[in-house]
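Visitor: Chains as they are written, first to last, in the numbering used here: chain A, 38 to 276; chain B, 38 to 276; chain C, 38 to 276; chain D, 38 to 276; chain E, 38 to 276; chain F, 38 to 276.
If you're looking for bench data, these hints aren't it; they were derived computationally from the structure.
Predicted model, so just to flag it, every value in this text is computed and none were measured.
Please note that a few of the clues may not be correct.
[Claimed, not checked] Taking lysine-lysine and the DSSO-like style, the derived pairs with C-alpha atoms no more than 27 Å apart in a straight line are:
#1 LYS63(A) / LYS132(B)
#2 LYS248(D) / LYS149(E)
#3 LYS132(A) / LYS132(B)
#4 LYS63(B) / LYS63(D)
#5 LYS149(E) / LYS132(A)
#6 LYS149(F) / LYS50(F)
#7 LYS132(C) / LYS132(E)
#8 LYS132(A) / LYS132(F)
#9 LYS149(F) / LYS63(C)
#10 LYS63(B) / LYS50(B)
#11 LYS132(D) / LYS63(F)
Protein chains: 6
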Amino acid sequence: MPGLKPETRDKLKGVSTATLCTALYKRGLRNQFIQDVHPLNPNGSPMVGEAFTLRYIPAREDLNPISVFQDRNHPQRKGIEDCPPGAVFVIDSRKDARAASAGSILVTRLMKRGVAGIVTDGGFRDAPEIARLAIPAYHHRPSAPTNITLHQAIDVNVPIGCGDAPVFPGDIIVGDGEGVVVIPAHLADEIAAEGFEMTAFEDFVAEEVMKGRSILGLYPATDPQTNVDFLAWRKNNSR
Amino acid sequence: MPGLKPETRDKLKGVSTATLCTALYKRGLRNQFIQDVHPLNPNGSPMVGEAFTLRYIPAREDLNPISVFQDRNHPQRKGIEDCPPGAVFVIDSRKDARAASAGSILVTRLMKRGVAGIVTDGGFRDAPEIARLAIPAYHHRPSAPTNITLHQAIDVNVPIGCGDAPVFPGDIIVGDGEGVVVIPAHLADEIAAEGFEMTAFEDFVAEEVMKGRSILGLYPATDPQTNVDFLAWRKNNSR
Amino acid sequence: MPGLKPETRDKLKGVSTATLCTALYKRGLRNQFIQDVHPLNPNGSPMVGEAFTLRYIPAREDLNPISVFQDRNHPQRKGIEDCPPGAVFVIDSRKDARAASAGSILVTRLMKRGVAGIVTDGGFRDAPEIARLAIPAYHHRPSAPTNITLHQAIDVNVPIGCGDAPVFPGDIIVGDGEGVVVIPAHLADEIAAEGFEMTAFEDFVAEEVMKGRSILGLYPATDPQTNVDFLAWRKNNSR
Amino acid sequence: MPGLKPETRDKLKGVSTATLCTALYKRGLRNQFIQDVHPLNPNGSPMVGEAFTLRYIPAREDLNPISVFQDRNHPQRKGIEDCPPGAVFVIDSRKDARAASAGSILVTRLMKRGVAGIVTDGGFRDAPEIARLAIPAYHHRPSAPTNITLHQAIDVNVPIGCGDAPVFPGDIIVGDGEGVVVIPAHLADEIAAEGFEMTAFEDFVAEEVMKGRSILGLYPATDPQTNVDFLAWRKNNSR
Amino acid sequence: MPGLKPETRDKLKGVSTATLCTALYKRGLRNQFIQDVHPLNPNGSPMVGEAFTLRYIPAREDLNPISVFQDRNHPQRKGIEDCPPGAVFVIDSRKDARAASAGSILVTRLMKRGVAGIVTDGGFRDAPEIARLAIPAYHHRPSAPTNITLHQAIDVNVPIGCGDAPVFPGDIIVGDGEGVVVIPAHLADEIAAEGFEMTAFEDFVAEEVMKGRSILGLYPATDPQTNVDFLAWRKNNSR
Amino acid sequence: MPGLKPETRDKLKGVSTATLCTALYKRGLRNQFIQDVHPLNPNGSPMVGEAFTLRYIPAREDLNPISVFQDRNHPQRKGIEDCPPGAVFVIDSRKDARAASAGSILVTRLMKRGVAGIVTDGGFRDAPEIARLAIPAYHHRPSAPTNITLHQAIDVNVPIGCGDAPVFPGDIIVGDGEGVVVIPAHLADEIAAEGFEMTAFEDFVAEEVMKGRSILGLYPATDPQTNVDFLAWRKNNSR
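Chain A on its own, in the form it takes in the complex:
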């Protein structure tokens, strides 16, 4: 993957997942929102980065004694050390939150390594601690049991499903207070540009509606006056 351009990363930090979903919808992509994952710290900063993935399968008991983590090449531990700075670590936990996908020590390690965030469609253990870390983290619900209770890490950086969304390594993962969206890598620049413009318009609309204006003709801008007003607003607000 050639990587995410810094200006695209910056733009995406200012665009909501809702707006990104609409831009994707216009291109026929309807399933890019990771379903039913939630930020551990709803007031955290936005998350943007290339996907680096971990795949779990159901754990077989004989292959998952507690001693398994003594192997330095265990995919979960190796993935934590190999995930590039600036990337988002995305875990396919088969939407099973009955055991943890990871805990606070591993998430802290990712944070220290400069990773941009972590997402699982299962649950994290030590969730209260993770919520206090300065790294965006998303899961379905807290889950104390160690991951090997139900999950066996099997592959690193292959295409996965996460929360019913397809995630390919290198896809751009964006998270905000609402949830997480997956942008196909080749669309990142244009989606970021379009989302940036849409955000300006939506901010204008939000102000107008707050002033008491009807949504009819304004949103979408079917009344020509709307675009006139929007251009004036952009000028006034330097956007």
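For this one, chain A is given, so just place chains B, C, D, E and F on it according to the hints.
Guide: Frame of chain A; chains B, C, D, E and F shown alone:
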């Protein structure tokens, strides 16, 4: 609908959904609590108003291009403009939160129009923004994809199901930090009156229990002394 | 039940449910975490106590008029008065949160009686009030309908299931900001001791990782230097 | 329990669970149908008998080695030997079919002992064999894992929930090709009598409708001619 | 609705729902298969007809005494008498099979009136009897409780959702041993024509594969020889 | 993989999945039964073979036009041609049966190629046709939509989850009328041998129970006479 009496509205603002459910239970109504919806702002003010409804069906792709909102008569947009001030906008999203029921701009518009609140058994997009608005809003979980991804607005102000509860236009919708209850319109006055009285008694009981009194004989008041004490408490507390 | 030793109780207050699950996992116990229950007050104090149980079955309408609570021997009310101080009141609600398991008045009574906490795999009514009480409480989600809408209290202090975990009277129940774990009574002392030691090591590891150290060799401590460092850390930190 | 009268048993063998549900509905009982259980042999004979119950809780691994069945007092094995002839063995498996509730050998033993049927809201193992036995059996789906994988038998003949229906020992359990209904013991005679009469009327209606008659006025019999015709039909058909 | 052309109806009787789903997929329609409904008689004849719909909402107890059916204008009963011959009666039961959508008497009446079939995303009561009738019927699972236990009929012939598929009155409903698909009315002729052609090709392919031919190049027909062989096959088989 | 020994294959054809689950349970393996999959032809022959796997992820619309199957290297099509004779084709469909995992033409091709069976934790299209083929097939439920509606084939013969069970390439897959079990490759011989012996004993027990003998002391064989009788039975029955 003749509308909700101001004194009934006021009384209902001071009665919890739990107490209202008990008053309904006494009348044989067991399914009036909208299941599994949650306030976006748990510390918001209580919500009371007549139901004004919107019904979604599953979206058919050819009928739901992004341009559909350019139609000023689109039921979702029209519903937003037609919902009376003081009413509660209730959406039947078939308990499907995989795509949004509405977003912050429409909810802001409802707020500015004086609508008393909004409820969906699906999810809202822009949930963090909606949580900061001064209008009560209830949903299942945040959901960024635009509503037309999965929902097609088809009808305004018809009887619907919401969270497995029946909702008829004009029913009285009450929400608090716990959730939302549906009071059949013809019962609103008597339920409000009974709930008001029950609340006084429960407040008395809560104080007594906090002082260390046993619940036996007190709640319910099978010990005659309980009613004696309650009457004294009402006098002392002007209730 | 001989009861929980004070020193075991104290140790368990300082060990997370995640760590306890790992200690149980080492002994072949994989299903002791109560699935999908959440603290009403995520910032509350930890909960430790012996299990005292209540079992619900589905309510039959003719056996559950509102007058049923006038019976002082109704199992729910009796259970509330009989639960020993220091114990945790655990309710088998068959994972059904469509009606309440209990409300704020009963939970207040438990608190005043010195009970250490309350857990249901259903929901509480008056959840916002319960969240403000100084007693740990865990449920699946708020639920306003009175318990007899769907639940009939049938047995006190028998073995139950709660959130897919087995709970025997006298088992040690521990809750933190993440959830609730069930420790078989006969293992409480050794699990507490081991958990106490594990917590010291994990605190050391967390500090090291926060300083930038890799998890490889550190967690688990396959590098001999790790144990050397840990012993020094314990001495320095008097642990 | 005084037991089921032979004439009541006989009548109930000729009444469908659908008709019985309607008779119960008229008395305010809405939750007596055991949800989502199916006959292993859809063409088997009807099942009628008093409930004899077994209660499972989630299995704790240390209490459930394979050797547990060597205990002759193990509740599952004891229940199988103690269930009275003519009764129906009803199992509360917490709607969890991931492991079996029982297998063909135990069901065969029940059959040989004269038991009238067996119901679980989980699953049976050896389901193809059970389907060939001359005893009615109902479950959710086939499930090969031995019961102790997830279930621990804990109590015999206590009130239970089965498929979200309340089941008290001695209640009358009736099964047909559609499913299973629970009749409270004290209502058995009157429900049987009413169901017997309703069945005659419905058979008459079915014949009329098959001849081409409209349901309006016929079902229910709001047209006086309907009752005239029904009386003639009864005479002609000796019913 | 102008109605379904007889030749289109005939063609559709010979095309599988799987093939129709593929033809719809090519036009961007991905959600036209009614999810999780099953034929009561898997060996019955295919079902084709225009949709005539019934919409249920959750039942409110005070509006649904057993006497409600005495009203000849009750939407369920009226719908049964008004559904045109040749149409398919499609019921929106909100995917809730805990109570019945209809029973054998009403389904018999539909059959006698010449209706082409019946579909619900809930369940039928008297399912064993319905399975023996000469009318195709599809549901989720058998359900003995009378519909008013949980369902209130509210509307006839409005757009509905059924098994997560959108159904508009007049859409063409096709059922086979696999399930039920919804064809938008305006596409019926072209989908029937294309499905007819696809069926011929798939029958050819099935024969070839049964003879041992690889699917590569054959299905889809990327090898030019495939089309040569297919044309010869059509000639030989007069298709 | 060295492959499955012919004598092991033969033995496994005579052992039920229930018995195999018990043998696995004795070795601490509790999750080897593929949950909630069912044979399309319940009366078909038993299925035994080494696992050959296919992994799906959620489909991204732009990568899954109908033309995708024109690629001869498409993993689904390639997997069908590469699966070895005697193996079982096991598909990870993420337990999502809303679109098909495969259809009758591909299953026919597998059959003609000598493959021993096919399993998905999703659904098959053309299910009625597949049910008539002479190859064992297991799925959750019929599903007409083409697989690319929701599934994208991504990998062949990697470890997967199927119905919450771990499946490694080369594991031994056994299916009967009840369902499907996964035997780790290295245990196949000993599990087959033990299952063969257990089957003899269970057949003896079944006969005894059918004659009226109690299960106490017989099953398990805690009464010494049981083993005496069993040895005699083996001799008499040449087993």
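Visitor: Run every hint past the structure and note whether it holds.
Guide: Tested hints:
no. : hint                  : in the structure
1   : LYS63(A) / LYS132(B)  : holds, 25 Å
2   : LYS248(D) / LYS149(E) : holds, 8 Å
3   : LYS132(A) / LYS132(B) : holds, 19 Å
4   : LYS63(B) / LYS63(D)   : holds, 18 Å
5   : LYS149(E) / LYS132(A) : violated, 48 Å
6   : LYS149(F) / LYS50(F)  : holds, 20 Å
7   : LYS132(C) / LYS132(E) : holds, 21 Å
8   : LYS132(A) / LYS132(F) : holds, 11 Å
9   : LYS149(F) / LYS63(C)  : violated, 48 Å
10  : LYS63(B) / LYS50(B)   : holds, 21 Å
11  : LYS132(D) / LYS63(F)  : holds, 25 Å
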